[in-house]
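Below are the chains, spelled out letter by letter.
Protein chains: 2
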Amino acid sequence: MEVTPIRTRSKAFGILIFAVFVVLMLQGCDSNSSHEIAQVLLALLVALTAAKLGGELFVRIGQPSVLGELVLGIVVGNLTLVGFGGLDFISRNLTIEMLGEIGVILLLFQVGLESDIEKTMKVGVSALLVASLGVIAPLVLGFIASSLLLPGHGFYVHLYIGVALCATSVGITARVLRDLHKSNTAEARIILGAAVLDDVMGLVLLAVMQGAITAANTGKPVQALDFVIIVGKAVVFLIAAPIVGRIFAPKLFNFVAKFKAEDLLLVTALGICFGFAYIASLIGLAPIVGAFAAGLILDEAHWASFRRRGEQSVDELIAPIAGFLVPIFFFRMGAGVELKELVRPQALFLASGLMVASLLGKQVCGLGVLQKGLDRLSVGIGMIPRGEVGLIFAAIGTRLILDGEPVIGAGVFSGLVAVVVLSTVITPPLLKWSLTRRQSVGSD
Amino acid sequence: MEVTPIRTRSKAFGILIFAVFVVLMLQGCDSNSSHEIAQVLLALLVALTAAKLGGELFVRIGQPSVLGELVLGIVVGNLTLVGFGGLDFISRNLTIEMLGEIGVILLLFQVGLESDIEKTMKVGVSALLVASLGVIAPLVLGFIASSLLLPGHGFYVHLYIGVALCATSVGITARVLRDLHKSNTAEARIILGAAVLDDVMGLVLLAVMQGAITAANTGKPVQALDFVIIVGKAVVFLIAAPIVGRIFAPKLFNFVAKFKAEDLLLVTALGICFGFAYIASLIGLAPIVGAFAAGLILDEAHWASFRRRGEQSVDELIAPIAGFLVPIFFFRMGAGVELKELVRPQALFLASGLMVASLLGKQVCGLGVLQKGLDRLSVGIGMIPRGEVGLIFAAIGTRLILDGEPVIGAGVFSGLVAVVVLSTVITPPLLKWSLTRRQSVGSD
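As they're listed, the protein sequences go chains D and S. For the first sequence, the positions run 1338 to 1781 when the working numbering is used. For the second sequence, the positions run 1338 to 1781 when the working numbering is used.
Watch out, some of these pointers could steer you wrong.
One copy or any two copies: either way a pair holds, since identical chains are not told apart in the list.
[As the list claims (entries may be wrong)] For lysine-lysine, the following PhoX-like pairs were computed, each having C-alpha atoms within a straight-line distance of at most 25 Å:
1. K1709 / K1769
2. K1456 / K1709
3. K1456 / K1588
4. K1597 / K1570
5. K1769 / K1677
6. K1769 / K1588
7. K1769 / K1597
8. K1557 / K1597
These are calculated hints, taken from the structure and not from any lab test.
Okay, chain D solo, but in the shape it has when bound (with noise of 0.2 Å):
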């Protein structure tokens, strides 16, 4: 079947089938009986072509392309406002879902590729203090901003308000720096560091409230033991992950070189970096920490006999894999956003004073970064997105009760999701500003 003879015979023809094809396709849509499978193919066309529509408009008025994916995945997500319903499957879908988590998991596998230990260790303690006050500061402004704000409520309420808006969601931010080929910069390896080491102090300041609020509803003392295991653990995986990596890593590849079977490098290179995410989440770890310390970990040097056969390297190989399902995650996150549940006066007026209080807070961040002539506003704004970590906070607040009511009622709630969807929101703009400004000084 040639193509020249039937576009020239006859192009409505063409055009009729064309037709007849999308009326089949619409048809579908309505139709429940589709099974899973046919779900997932389809949710997988809408969001990755919202995606992409999203990140090319977004690219071409300057901003950076996941700002776009975000926002078409707010737009198809509250679809329902307009009256359409057909699409809402898709931030439901958890294969969709899945789809997204692992996609971010590469992607922090992906910029931890990028990174290189030695130098992220030399920012150790530039990190450590970014993440102590990315901690501190938010939670004391936190609490000042909600007992202004809330008055009728309790101790606990503005506490744990506090502590949900420490957290870091770094994958917003490693998606700009990438997308900036501003990764390996002292900056990032900076805002990176103090996201994992934030990971861990938002894990133990939960953990504290949980066991706090508890406390004080039974009168049964905090155990302390608790979080010293808690703490242990996610210590023990910190010093650990990196001296086992280094020491097997090697082993392991030259291992798997002397096989026969086929994507050897791939799917070693996808082992190491699950397995590290899947240990981060067992520990109560973000599982995108793990997969940053596995790509930190490994090197190039790991697998230079495969590279000597001529196989791809392990970022080429899970470039396209990544540029699959990242922009998934992010359409997705943009989905799941209820714009309903967020323009409720009440929600938007708390969301302002907290995202005050949030941004006040992170950037003193900045004042961590003992490095001379280093970009500290990048860094604290680098700090700004609440992401998952924070819903996930807002979302066991709302099953902690005290006192008979749970200690993050519905309208609190609605406030917190807004502080997440705008820090989110606003970081990508904020982030390829202060990055472009001026050449970054820490960049080599």
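Starting from the known structure of chain D, arrange chain S on it as the hints suggest.
Same frame as chain D, but now just chain S:
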């Protein structure tokens, strides 16, 4: 943190830390508190490791790696038989199932990309004959075998068993053809073309059987119009897909080539693949038929403008994604086999009879090859696997009620499942043998 000093200082320390790591990991296996993503990560880790290990073992003994993936899948999926149920969640995990489905869709897309549409059209008559013989012969032989083995059952039961034996699932064959670099031979084109037509015929037969049994139950006449609609949709799809694709695919690629967002070639190709697979599934065809059609239509020339900028081609971009997801499909296919169900004497007795009917029936296929000098044996062997299509037929049969009893009872169902498993497992070694026994005359 330098590697060398640590390693020289104390190797024992490294091993100790590794032990702690393993303990932490195993601890997690018991806990049910892990989140959804943790389960997915662990399942991916086990599936990828087992698939590659199995692939390696079987490659070493001269067998196709896909057989190793299947066999290790069967082993891991049946560890309950030796008292270890800790990995049972893998075959039940929906995300793993969907990842595998996306994997097999991408596999057929790859095979389609490697095939040439003009050359496939040239063997069209052979493919139609192969498909027709491949439906009629197993149906008749299956009916006879069933009549002999199950004398107590009625006409419709024998007929339904015959219909279930007609299905061809081309995933395994496509994989073996790819692994042996034979997917661009005339034999491969005939097998794949016949498998597509077989899927259409199977769809019609299934509808006829369901209609006839419903009619026999209720006394209402069979609605001939329903079959016309089913056949009509499938025929429209198979005719419209290449026309629409050949006209619009180049336009689409040229359009997105003007965009600035990243990974556009990859996402556009994936979009076309998923879109065609989705439409196929709406019509009632297997999604892999749509994916194969999408691959067949696309051509290197379509993304020439991307190549000129130095970007990778579509097959290079799809390869790592397929390398990640395809082994999951075959591992999971193996893990879904319940050995306990299969080793029942009655099931094995029935299965062996049906297996003979099915093998003989598909060998008749080879007679449909009109071209001289082609490897008819390989075509016949390539059509053997029943795969998930056979399982779907069998499962629908258990839900069809005739005279108050299911058409396919529990015993017959186990027998059909055994046929599916056996036909899937024997194909890779048989096909490898037949394809490599002499240089294929039809390759070009």
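*Go through the copies and call it for K1557 and K1597: within, between, both or neither, with a Cα cutoff of 25 Å.*
neither (60 Å within a copy, 60 Å between copies)
*asked:* Within a copy, between copies, both or neither: which one fits K1456 and K1709 at a CA-CA cutoff of 25 Å?
replied: within (16 Å within a copy, 66 Å between copies)
_Copy assignment of K1709 with K1769, given that the CA separation must stay at most 25 Å_ = Only inside one copy: K1709 and K1769 sit 22 Å apart there, 65 Å across copies, limit 25 Å.
*Check K1597 against K1570 for me: Cα-Cα at most 25 Å, and say if that holds within a copy, between copies, both or neither.*
Cα proximity of K1597 and K1570: none, with 38 Å in one copy and 45 Å across.
*State whether the alpha carbon distance between K1769 and K1597 is at most 25 Å within one copy, between copies, both, or neither.*
between (45 Å within a copy, 17 Å between copies)
_My question is about K1769 and K1677: at a cut-off of 25 Å on alpha-carbon distance, are they close within one copy, between copies, both, or neither?_
neither (29 Å within a copy, 59 Å between copies)
*Pop the pair K1769 and K1588 into one bin, within, between, both or neither, using alpha-carbon distances up to 25 Å.*
neither (40 Å within a copy, 33 Å between copies)
*Using 25 Å as the alpha-carbon threshold, which applies to K1456 and K1588: within, between, both, or neither?*
This pair counts as within: shortest intra-copy Cα distance 23 Å, inter-copy 47 Å.
The earlier numbered hints that this structure contradicts are 4, 5, 6 and 8.
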